[in-house]
Each structure stands twice: as structure tokens, then as C-alpha cells.
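Peer 1: Chain by chain, the residues run as shown.
2 protein chains.
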Amino acid sequence: MMFNSPFKNRYMDLALHKAREAYEKGEVPVGAVIVNNDGEIIESAANATISNHDPTAHAEIIVIRKALKKLKVNRLDFCDLYVTLQPCPMCSHAIGLVRIRRLYFGAYEKSYDLNDCSFYKKNFYEPEIISGINEENCSKLLKDFFRELR
Amino acid sequence: MMFNSPFKNRYMDLALHKAREAYEKGEVPVGAVIVNNDGEIIESAANATISNHDPTAHAEIIVIRKALKKLKVNRLDFCDLYVTLQPCPMCSHAIGLVRIRRLYFGAYEKSYDLNDCSFYKKNFYEPEIISGINEENCSKLLKDFFRELR
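Residue numbers (our numbering), protein chains in the order written: chain A, 263 to 412; chain B, 263 to 412.
Warning: the hint list may mix true and false statements.
Since the list gives no way to pick out one identical chain from another, each pair is judged satisfied if it fits inside one copy or across any two copies.
Here are the simulated BS3-like cross-link-like pairs (lysine-lysine), alpha carbons at most 27 Å apart as the crow flies [stated by the list, open to error]: (1) LYS334 x LYS287; (2) LYS270 x LYS332; (3) LYS405 x LYS270; (4) LYS331 x LYS372; (5) LYS334 x LYS405; (6) LYS334 x LYS372; (7) LYS332 x LYS287; (8) LYS332 x LYS402; (9) LYS372 x LYS332; (10) LYS405 x LYS331; (11) LYS334 x LYS402.
Hints are computed from structural coordinates only; laboratory data are not their basis. Since the structure is predicted, the reported quantities are computational estimates derived from the model, not experimental observations.
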């Protein structure tokens, strides 16, 4: 098994590319990628809460749905998820439901304390978490976006 | 404004009806209904994780999406959600994201402590919660389902 993939920056770059696409559409710039245990990219997605008219259309939820559909499976326990921002509780629980093997994220979301993830602690399943991948760029894109909004 | 609707049992009955539909399809029997502030039923849905091939297809997520789409809105702050089972953290956060006004649920899910809902506490928004509506029937349906599975 491959722990802390040496290609993690490559996958996060693709997630960041999706986040930039979201940015250009006026969406909060978050992108996500699902990679299987052979390192193959299964699906990628960007946050689409505005264009989908759906506040639950976070990048993680969209990419999970796309991957499940593409692979015709109910679990992604052979897959890793890359996302440019620390997942919210909704997405974190969805990640647990589909048994994502490893979660790589970029920027930290301060309002969600990783050490107080009661949705993971109480849950049946917790993925391995590797955080701060390309944090600077992931975070900068979000800061730029919210600065422009003001 | 209408607090703790006198019609809450009627709406929960419909949610329970949807839960029974799920039961008959071999799905975990959970149903949900969204009602606006005039007491009109906007949408109803049943858990469809198996038939949708999607572990995130909980009744609450489906009914929220359907209601947003039908009403062409991004928020449901003028709506109440009725669900036969206490929502999981994923659904709880989604309920917060769309600003559901009031959450009525039936059966309790012991693994989610209502007093330790860090996803609500830390969050920007918390709906009013009225719990234990028609708890006995909501809970019985789930117990019957899981007993048959064994």
C-alpha cells in the first residue's frame, strides 16, 4: 500500500485547477479529485453551489457521486480524496460513509477543529488524513476570492 | 409564526409513509418531508442509498435538493423539515447550510448526541429542533427492518 503518496502534489494541482475553474465562475474556489490505489485519477469536480442552485453541492460531494457512478460501486475504500480545503462536517461524514481510504487536503478551515471531529470520532470509520498539501496556493485562492467579494 | 406545529403528526405520518416505501425496496426505512410556513407540503423523499448507488442519498439530502429545485431558491429558511430518524452529521450540516427553520424528527439515533452537536455549535446556524415526534412508529419500522436483515 502507498502511504502519503509521492504524487500528492500532482493530484492536489489538479484539485487546484478545478478550484480555479470554480473561481472563474464566481463560485467559492474549492476543487476535489478522487484517485484509486493504482494512482489513476477517477474523477474531479469543483464546488458548484451557485450554478447547481444547491448549497450542498460541495466539490467533495460532487466528486464522490461522480466516482461512485463511474465505477458502479457503493464504497471507495480503495480510493483517496484530494481537496483544496478542509472538508466541512457534511462532506467529512460523506467521506466516512463511502469509506474513502485517505483524505488529503490543502488549506485549513479554522472553524473545524481536526482534533474535535466528533463526526469522525463517533463514527464507525475514519480515513487517514494528510493535511496542508500545497496549503499556500489552496489558501491564497480562497483569500483572493473573498477579498474580491468585499 | 407557528411554533411546534399542531399538524406535526400529519407531516410525520407522510414522512413515515415514505419510510415504509423505502422499507419495501429493501432500503433503510427513513423518510423526510419539507413543509413551508403556510403548512404546504413542498416535497417528500425516502432514503435511496441502495437504489441510487450512493451512500450519501439520505432522505434529508434528497428532499432538500428536490425542494430547492422546485422552489428555485438557495435557502429554505421559511421551511420545516420532518424526518423519521435523527439526522446524521452529513444531513445535519446540510440542514444548516440551507437554513431549515425547524427540524422535527421521530426516532433517536443514539450514536449522535443532540447535546454534543459540534457541527451545529460551531456552525453559523442552528435550526430549532423538536424531537421524538411519533417516535414509537418511526423507531419500530427501523427495528423491524434491521431484525429482518439478521
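Peer 1: Look at each hint and say if it fits the structure.
Peer 2: Structure-based check of all given hints:
| no. | hint | in the structure |
| --- | --- | --- |
| 1 | LYS334 x LYS287 | between (30 Å within a copy, 19 Å between copies) |
| 2 | LYS270 x LYS332 | within (22 Å within a copy, 40 Å between copies) |
| 3 | LYS405 x LYS270 | within (23 Å within a copy, 44 Å between copies) |
| 4 | LYS331 x LYS372 | neither (32 Å within a copy, 31 Å between copies) |
| 5 | LYS334 x LYS405 | neither (37 Å within a copy, 29 Å between copies) |
| 6 | LYS334 x LYS372 | neither (35 Å within a copy, 32 Å between copies) |
| 7 | LYS332 x LYS287 | both (25 Å within a copy, 23 Å between copies) |
| 8 | LYS332 x LYS402 | neither (32 Å within a copy, 36 Å between copies) |
| 9 | LYS372 x LYS332 | neither (33 Å within a copy, 34 Å between copies) |
| 10 | LYS405 x LYS331 | neither (33 Å within a copy, 30 Å between copies) |
| 11 | LYS334 x LYS402 | neither (36 Å within a copy, 32 Å between copies) |
Violated hints, listed in ascending order, are 4, 5, 6, 8, 9, 10 and 11; each of the other numbered hints is respected by the structure.
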